Structures are given as C-alpha cells and as structure tokens.
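Chemist: Starting from the known structure of chain A, fit chain B with the ligand onto it as the hints suggest.
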Amino acid sequence: MVSRSLFDKIWDFHRIRAMDDGRDLVFVDRHVLQETTSAVAFDGLAEMMRPVRFPGLTFATQDHIVSTELRRDVASNPGGRELIGLMRANAERHGIPMYGLGDPRQGIVHVIGPELGIVLPGTIVACGDSHTSTAGGLGALGIGVGTSEVEHVLATQTLVLPKPKTLRMRFDGKAGLGITAKDMVLHALGQFGIAIGVGHAIEYAGEAIRALPVEGRLTVCNMSIEFGGRLGLIAPDEAAFAYIKGRAFAPSGEMWARAVAHWQTLFTDEAAIFDRELSLDISKAAPQITWGTTQEDVIGVDQAIPDPDTIADMDRRQRIAAAVEYMGVTPGKPIAGLPVDVVFIGSCTNARLSDLEAAAAIARGRHVAPGVRALVVPGSSAVKREAEARGLDKVFTDAGFEWRSAGCSMCVSINEDIVPPGARCVATSNRNFENRQGPKARTHLASPAMAVAAAVSGAITDVRRLA
Amino acid sequence: MKPRPFTNFSGIAAPLPLKNINTDAIIPAPYLRSPSADLAAGLFARWRYDDQGQEVPDFVLNRAPFRAAEILLGGENFGCGSSREAAAWALARFGIRCVFAPSYADIFYENAFRNGILAAKLSLEALDHAVSLAGAERAMFAVDLERRVLACPDGRELGFEVPAFRAEALTRGDDDIATTLRFSEDIAAFVARDGRERSWIHDLGDRA
Ligand code: SF4
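Chains as they are written, first to last, in the working numbering: chain A, 2 to 468; chain B, 6 to 213.
Calculated directly from the structure, the hints in this document are not laboratory data. These numbers were taken from a predicted model, which means no experiment stands behind them. No residue lacks a Cβ here, since even glycine has one placed at the ideal position from N, Cα and C. Do not rely on the hints blindly, as some may be mistaken.
[Unchecked claim] Covered stretches of chain B, going by a simulated chain A footprint (3 or more residues, C-beta under 8 Å): (1) 21 to 30; (2) 128 to 141; (3) 188 to 196.
One chain only, chain A, in its complex shape:
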C-alpha cells in the first residue's frame, strides 16, 4: 500500500473522476448556505432553470447580517431585511432545511456545522464562506467557496478543484499558562506568514495539537484560511468521535458503529510524504496579540511594537510603517498598557461554549473598565442557551458586558455592530484588516481570556497576571 496523508485519503475517496484539465471532480457531502453569499447563486440557478441536486444534503442558516439584539426579529435591522428574506424564500422554494432567525438551531455557519453533527470526519463540506476550514477540526475537508461555486454545488453537489499540495505544520512542546488554541495559531501566523498556505491543504499535527480539546482544534483550523490556502485539518480521534456522538445529524444505532469504523481509518500513514513540512515549538510562547493590519503582525503580549526603522527590507519597512500609522501604535513601546475602547468576544473562531467559559473565568468578580464597550456574542443560539443554563450570561452582565444573540456581529460588521472610527478593539475574531470592524476601526486579535483581560483593565493586558 502506498503511504498517504489524511488529506489524500479523504480527497481520493471523494474523487468522482479526473477532468480533462487535470482538476478533480469531487463529491460534496454537506453544503451549508449563509445569507450573504447565496442569493446571487440562486438567481443563477433560476436563470438556467436548474434544480438543486441534493436539497437533503444542503443546510442553510442566517448569521452574517442578522441583528444580535437580545430580542430580535427581521425588523431589528432593516438593512438586513432583503438578504434575510431572499435566504428564506430560496430555501423554501428548493426544500432546503433552514435554521434562520428565530430557529433554535440558528448560528454562525461554522459553529452550527460541528454542533449539529452536519460536519463529520472524512466528509467534504462546502460553504460560501472562507472559514469553512473550521470543519477540519473534526477531520473534515472544509472548503470555502465563492458564489459561483455555491451555485455549482447547488446544481451538481460537486466541486471541480485542482488538488492542493500538502503542508504539515507541527506544534511541538507543551502550551504554557494562558496559551490557548488561538494563541497557537496566531503564533504560527507570526512565524510563517499569511501566504505560506497558498495552494496547500494544511495538516496540523504534533503533541500540542493532539492535546487540544475538540473546540480548540476547530479554532486552529478556522484560521487556516489566514495562511492563504483553503484547507486545514486535524486527524480525528476518540475525542472527536465523542464530541459528535448524539448530535442532531450524527449517525446513530447501527450506522454509528459503521461510521466510527470508517473514521478510524482517517489518519496520516507513518511514511506519508508532504510537499512541505514546518514545525514550531510553542512551549515558550506568551499569549499572542496582533498589533498591525494582517494576521502575521502578531507578538507576545510581553513584547514591544516593531520599529519600522530597524527593518532593512524596504518593502517590509513601508508595510510595517503603514500598519503602525493605521493602528496608532508607537514603535518600540510595549503593547501591554495600550488603552482599548471596545472588546468583542465572538465569531466562528472563538464563540463556542468553551470560549465563553474561558472568558467568564476571567470576568467573574471583575468589572469592565469605565469607558469600554464590551460585547459577548455567542456563536450559535444553542451556545447561548447552554451558556445561560450555566449562568455565564449573568457572570458577563454582572461584569458589565453586553450579552447578545448569536451571529457574526462585529467580526464583519455588516449588521449594525460596528467599531467607531479610530476606536481600538480587542477582538476574538480572525481578521484585523483595515476597516474590517468598521471604517478606521483598529483591531487587535487575541484569545477570549486576553479579550476579557483587556476589557476589565481598560488596556491590553497579559492575562497571566489576572489568572
């Protein structure tokens, strides 16, 4: 038998045929839709009078543009009404199950996928959203696609893709105090840069990855896209199977045993060869936080803002100088102590139950600093209910945080949750691009615990001092 990587095994399994042009036609097991990237795809289908090939393998939710007010309906944000209405109408017309506004299963696509058992090990999951890579945390190939490809999946339940190259990224060492999955992936972005993954499927491996709970693995895979590629995955194990068992769409009874037998074949063979291998020791890493406008602009919270004048490469010097200017930070000055205006705990990266628990552990018995607006936006309606059942909402509201309904919210700011111009925000999301959280907003990415530390201190703070 030829040795194969986990990625190769899953890809080969789904290959229906090779196309003449060298690309592969692969089967899509699960297609998840969200309201902002599907409307035009349905228009395309209608124009050509094409049906949805497998509505039963297709799921829809509403997350990007919905209001996150506690008591909300379609009238809460008039700006979202059109896309919310189109998603509902299109799902109804084609018989696609829809977990939208008001449905108990509503939530961010990449949160509800694993949570409902839509995402299973060894599957190919497609969604018109780049962070579909999250599914890799359960050993699935999560492929984020554009709207034309959404239309293609709707019409054919397949994708035509060039087979990516493979990259293995090992995380060695034991994570120190305060180091979460988010810190690990941010640290890797700082080390390897945001283009290392272009054209590659990334398999995360190593002792520190194995030690991560399933929700932490989802966080790491979520940010695979930040490396420039489309895909990231982690071999599923007993912890992954236990996570899936009993979920709404997970197999049960006799099917469960057969599914697990299949999933147990999903690992990288000892002698498998990757196109590229990288490794990183995380044992000495401090909690990470971004200081600039790309995800590779990241440092330990105990470090100082880089000084562009000390950088030899002209291109890089200019880019760093522009980021320093945009972010309003001082070269050479420690990042800790930088005052913040807004704190956002949410997004498909860090708004699952364990994230909210980690945040609440720091928030408990403390209070948001004067002048800081701090929001907690659960990743799904189910996360919200479960958090409330455990009293986390009370911990947050007692500490002066806003407790909101599930959605993308301030991660992408296409609803009404926006960081004011010039304001500085510590966010648990995944993108610190210029204007991402609103015009002229300044974003620092960090873990949920680090975000709470900033909220209660009114400034960027090393969470290890509060723990």
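Modeler: Same frame as chain A, but now just chain B with the ligand:
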C-alpha cells in the same frame, strides 16, 4: 452563469503593487448588504473615498488615465481574506479584465476566472517593470493570452503564467456547471455506491 469569452486587448494599467491586498479592501462589507449594490462604485471604496464620501485625489483609480483602467497591477498574495466573490464582481464592473500579481490567495484566484477575469502571475521583477511604465501618458499595455505575454508601452514583452485549462476556459467563456453536468452519470454512480458504503452521509431520514 456564463462569463463573457475573454479576448486579447490593449488597455491602461493601474498600478497598485501592494502586498496582501485583501477582499475587504477590494470591496468593503457595506456593499455586501444588498445584491443590487453598486459594486463598481464600491471597488476599493475605503481607499477611493474620504469620510465625506468625496474622492481621494491621490488614489490611483481616481487619477485621469486610470479611471479607464482595464488592467490592475497588484502585489503578492492578492485577494487574501474573505471568500466574497463580490471582490471579483467589483473589479469586473469597474472594467478590470485582467489582474497581474506575483501570487493570489486561493479562493480569489478561482473567483476571478469564474467571472471572466484573467488573474495572471507575473514575476516581481516583471511587475516592477510594468509598474514603472504604467504612469506615463497614454501608456497602453497589450494582453496576449495565447502567447502569455503582456506587451509594455516600451515594447518589452513580459511573459506571464496561467494554467492552460484556465486560459482555454476563459477564451471559450465556459459555463462550468454545464461542463460538470456532462458527468451527471458519474455523479449518480458515485452516490449510489457511496450510499451503501457510507449510508450515514446520504440517509438523514427524518433527522433534518
Ligand atoms: S464570524 Fe466572521 S469570519 Fe466567521 S463566518 Fe462570520 S463573518 Fe465570517
């Protein structure tokens, strides 16, 4: 939907040779709120307009020749970030038919071709040369897809890279869905076999 077939052309090239231009910059989120938003106006909106919505005179696409640009000279890792295909739509609606950059993020690359935009790879050195000429008055660049050559106003020809299958599909203006539907029987056969092997994938019963 079927893109318009790509044909060779000569046009003005707008230089924007920054690394890591992300799709949030290409088309900001507010333009995603409605399928009928004016994407041509939204292209690079945060760089093109100031807080009052007035044009920023220095920004390249606001300068005289470049308003009519059909070519964009970008930097490494062009189109990183979100999967929003509106980034490709905005470029197309503005009139950009061809982007040159040393590398592209994966999803943008796919989206560009699906919308009839040639996303060609050009070495850094060649790109620098093109950028140095782009500002001159009436500087026209000619794109020759068959020969994979960008002819500069100074006569120098810069070779670019694009996979053969992408170039051919672009020239034909392929409808990708129609192409795939030719293999409907293969897809059906896969599903029939897989339905027995992995029934848990296909048989959701009344769980949905
Ligand atoms: S939370 Fe942010 S990154 Fe995740 S799907 Fe929503 S908008 Fe995209």
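Chemist: Now, for every hint given, state plainly whether the structure supports it.
Modeler: How the hints compare with the structure:
Counting residues of the region 21 to 30 of chain B whose CB falls under 8 Å from any CB of chain A gives 6; the rule of at least 3 is met. Against chain A, the region 128 to 141 of chain B contributes 0 residues with a C-beta closer than 8 Å to a partner C-beta. That does not satisfy the three-residue criterion, and the hint is violated. Three residues within the 8 Å Cβ limit are the bar, and the region 188 to 196 of chain B against chain A gives 6, so the coverage statement holds.
In the structure shown, a violation is registered for the earlier hint numbered 2 alone.
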